[in-house]
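Enquirer: Numbering-wise (the UniProt record's numbering), the sequence shown opens with residue 1 and increments by one.
Errors might be hidden in some of the hints.
Claimed, not checked - Label-pair ranges, simulated between beta-carbon atoms:
| # | residue 1 | residue 2 | range |
| --- | --- | --- | --- |
| 1 | P455 | D328 | 30 to 40 Å |
| 2 | E286 | L262 | 44 to 54 Å |
| 3 | Q298 | A243 | 39 to 49 Å |
| 4 | P29 | A51 | 22 to 32 Å |
| 5 | A243 | L293 | 51 to 61 Å |
| 6 | A37 | V251 | 35 to 45 Å |
| 7 | L189 | D328 | 52 to 62 Å |
| 8 | P29 | L197 | 14 to 24 Å |
| 9 | T199 | V53 | 16 to 26 Å |
| 10 | D285 | E408 | 36 to 46 Å |
| 11 | P361 | N300 | 47 to 57 Å |
| 12 | A115 | V53 | 48 to 58 Å |
Calculated directly from the structure, the hints in this document are not laboratory data. Idealized CB from N, CA, C, for every residue including glycine.
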Amino acid sequence: MSTGTTAAAPVAARAAPVVKGSRRYWPRPKSIAGQLALLVVAAIVAAHVAAAVALFALREPWRAETRPGVAANRLAVIARLLDETAPNERDAILTAARRSVPSLRLEAWQGTPPAVESEWLRERPIIGRLRDAFGRELAIANLAPDASPEEPPVLHVGLRTPAGAQLQATLPDDALEPPKRGAIIFTFLFLATTLTLLTVWATRALTAPLAQLAGAAEAFGTSRVPLPLPRRGPDEVLALAGALDRMRARVNRLIDDRTQMLAAISHDLRTPITRLRLRAEFIDDEQARERTLRDLDQMNALVEAALAYARDERVAENRSAAEKPLIDIASLVQTVCDDYSDTGADVTMEQARHVLIRAHPEDLERAVNNLVDNAVKYAGCARLSVSKSANGVAIEVADDGPGIPEAERHAMLQPFVRGDRARNLNDASGFGLGLSIVLAIVEAHDGRLTLENRPAGGLSARIELPSSLAVPGERAARQPEVA
Numbered sequence: 001m002s003t004g005t006t007a008a009a010p011v012a013a014r015a016a017p018v019v020k021g022s023r024r025y026w027p028r029p030k031s032i033a034g035q036l037a038l039l040v041v042a043a044i045v046a047a048h049v050a051a052a053v054a055l056f057a058l059r060e061p062w063r064a065e066t067r068p069g070v071a072a073n074r075l076a077v078i079a080r081l082l083d084e085t086a087p088n089e090r091d092a093i094l095t096a097a098r099r100s101v102p103s104l105r106l107e108a109w110q111g112t113p114p115a116v117e118s119e120w121l122r123e124r125p126i127i128g129r130l131r132d133a134f135g136r137e138l139a140i141a142n143l144a145p146d147a148s149p150e151e152p153p154v155l156h157v158g159l160r161t162p163a164g165a166q167l168q169a170t171l172p173d174d175a176l177e178p179p180k181r182g183a184i185i186f187t188f189l190f191l192a193t194t195l196t197l198l199t200v201w202a203t204r205a206l207t208a209p210l211a212q213l214a215g216a217a218e219a220f221g222t223s224r225v226p227l228p229l230p231r232r233g234p235d236e237v238l239a240l241a242g243a244l245d246r247m248r249a250r251v252n253r254l255i256d257d258r259t260q261m262l263a264a265i266s267h268d269l270r271t272p273i274t275r276l277r278l279r280a281e282f283i284d285d286e287q288a289r290e291r292t293l294r295d296l297d298q299m300n301a302l303v304e305a306a307l308a309y310a311r312d313e314r315v316a317e318n319r320s321a322a323e324k325p326l327i328d329i330a331s332l333v334q335t336v337c338d339d340y341s342d343t344g345a346d347v348t349m350e351q352a353r354h355v356l357i358r359a360h361p362e363d364l365e366r367a368v369n370n371l372v373d374n375a376v377k378y379a380g381c382a383r384l385s386v387s388k389s390a391n392g393v394a395i396e397v398a399d400d401g402p403g404i405p406e407a408e409r410h411a412m413l414q415p416f417v418r419g420d421r422a423r424n425l426n427d428a429s430g431f432g433l434g435l436s437i438v439l440a441i442v443e444a445h446d447g448r449l450t451l452e453n454r455p456a457g458g459l460s461a462r463i464e465l466p467s468s469l470a471v472p473g474e475r476a477a478r479q480p481e482v483a
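All chains should be modelled from the sequences, with the hints used to inform the complete structure.
Expert: Below, the structure written as structure tokens:
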């Protein structure tokens, strides 16, 4: 079977010319190693930039004491120092604290805290933080019972420690801000998501030429129209694409030469066979004449089979890009069954599921004919069925014959390989082209051929065809299966 059109011009192992206006102005390594290194460095730089932005956004202000929680903690520390210090040394500590933390407005206080602290003062969050930081009983008085006119609002309070140290201070009356855990978690999630997306995008861009190259290599030999090879990507991929394109051209040229040689030899053998037949008619010995004529008939049949095989390859190649008509596959199989039944062969249709597919009816009829002919020849009967499959339609031809040994099933799909190895050409039982022609037709329709021995005995040949055929050049490679 021809694997594609005659050799196209090999693709150059370098990037295609850049169209004016789409030129890239940023450097990029041309090798896979360089691009991987660039990807890693870019990911590390992006992570550091995102971490720096998060650190800048979540940093503490320069004057941390202006924050309510920080101010309450520092006031509690000063109060504990005064509480632990002798009374004659407290003024020095208070003076030093006033210079260190001017925002608290620390002053000495000689007032008396109320016996019962006001409910309003007790409910202030900053007072609760102050008591928690001090750690012991602390008497607090509100020195400004009226609402503070300052912006932001503040509390003027007087403190008295258990040791009798007293001072007054001003605290911000803002609500205590909880730690920015949500912002930190969001920052790291955003960083992880961004780096993941960046890595996936860059990796896909790097591996896309490899995937395209793998698809073209996989489709070579099964797709009539060769898939395009990558023209942009790392130098290694472009070099491999050029080598694959040149190899594809050489293989196509060899296959075309083989097909032409086979057709030419088979055609030229017709003339000497005809001359030998005429000369054989003058042989006096009747037995020798019959044997000679039988050998010539066998040679002529072999030539005709070889010509038909070469012709089928040409026809299939020419039809591959043509528009396939919509046909009812069950009606086509029923026609083949009726033709054999009319000749007295034991061929029956057991199941007929009407499914419409796009295919060449002449080619599919030839494939089903070959399968039925093999079943009738080696088993004496054939049972056909058409059913719905997972991806389209399945045609099955089953018989009750000896089947095919598992070790020989792959070889049976090759041209000029026969299943009756013990026979010779005098039996005129075929030349081993039937299954190879079926395989070529099925692959041309993007289908799959399966040979399997039935548990009850006999062989089951199954053709699976897609209900919607792919556009030429985009179909996935499928290999024949044997069970």
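Enquirer: Between the beta carbons of Q298 and A243, is the distance compatible with 39 to 49 Å?
Expert: Holds: the Cβ-Cβ distance is about 45 Å, inside 39 to 49 Å.
Enquirer: Looking only at beta-carbon atoms, does the pair A243, L293 fall within the given range of 51 to 61 Å?
Expert: Holds, at about 54 Å.
Enquirer: Measuring from beta carbon to beta carbon, are P29 and A51 in 22 to 32 Å?
Expert: 26 Å, holds
Enquirer: A range of 30 to 40 Å was offered for this pair. Does it hold for the Cβ distance of P455 and D328?
Expert: 31 Å, holds
Enquirer: Take the C-beta atom of A37 and the C-beta atom of V251, compute their distance, and say whether it sits inside 35 to 45 Å.
Expert: 36 Å, holds
Enquirer: Evaluate the given range 44 to 54 Å for the C-beta pair formed by E286 and L262.
Expert: Since E286 and L262 have Cβ atoms about 36 Å apart, the given range 44 to 54 Å is violated.
Enquirer: If you check the beta carbons of T199 and V53, does the distance land in 16 to 26 Å?
Expert: Since T199 and V53 have Cβ atoms about 19 Å apart, the given range 16 to 26 Å holds.
Enquirer: Does the Cβ distance between D285 and E408 fall inside 36 to 46 Å?
Expert: 40 Å, holds
Enquirer: Given the hint of 52 to 62 Å, check if L189 and D328 actually sit that far apart at their C-beta atoms.
Expert: 57 Å, holds
Enquirer: Between the beta carbons of P29 and L197, is the distance compatible with 14 to 24 Å?
Expert: 22 Å, holds
Enquirer: Starting from the hint 47 to 57 Å, judge whether the C-beta atoms of P361 and N300 obey it.
Expert: Cβ of P361 to Cβ of N300: about 29 Å, so the range 47 to 57 Å is violated.
Enquirer: Taking the beta carbons of A115 and V53, is their distance inside 48 to 58 Å?
Expert: With Cβ atoms ~53 Å apart, the hint holds.
The structure fails hints 2, 11 (numbered hints given earlier, in ascending order).
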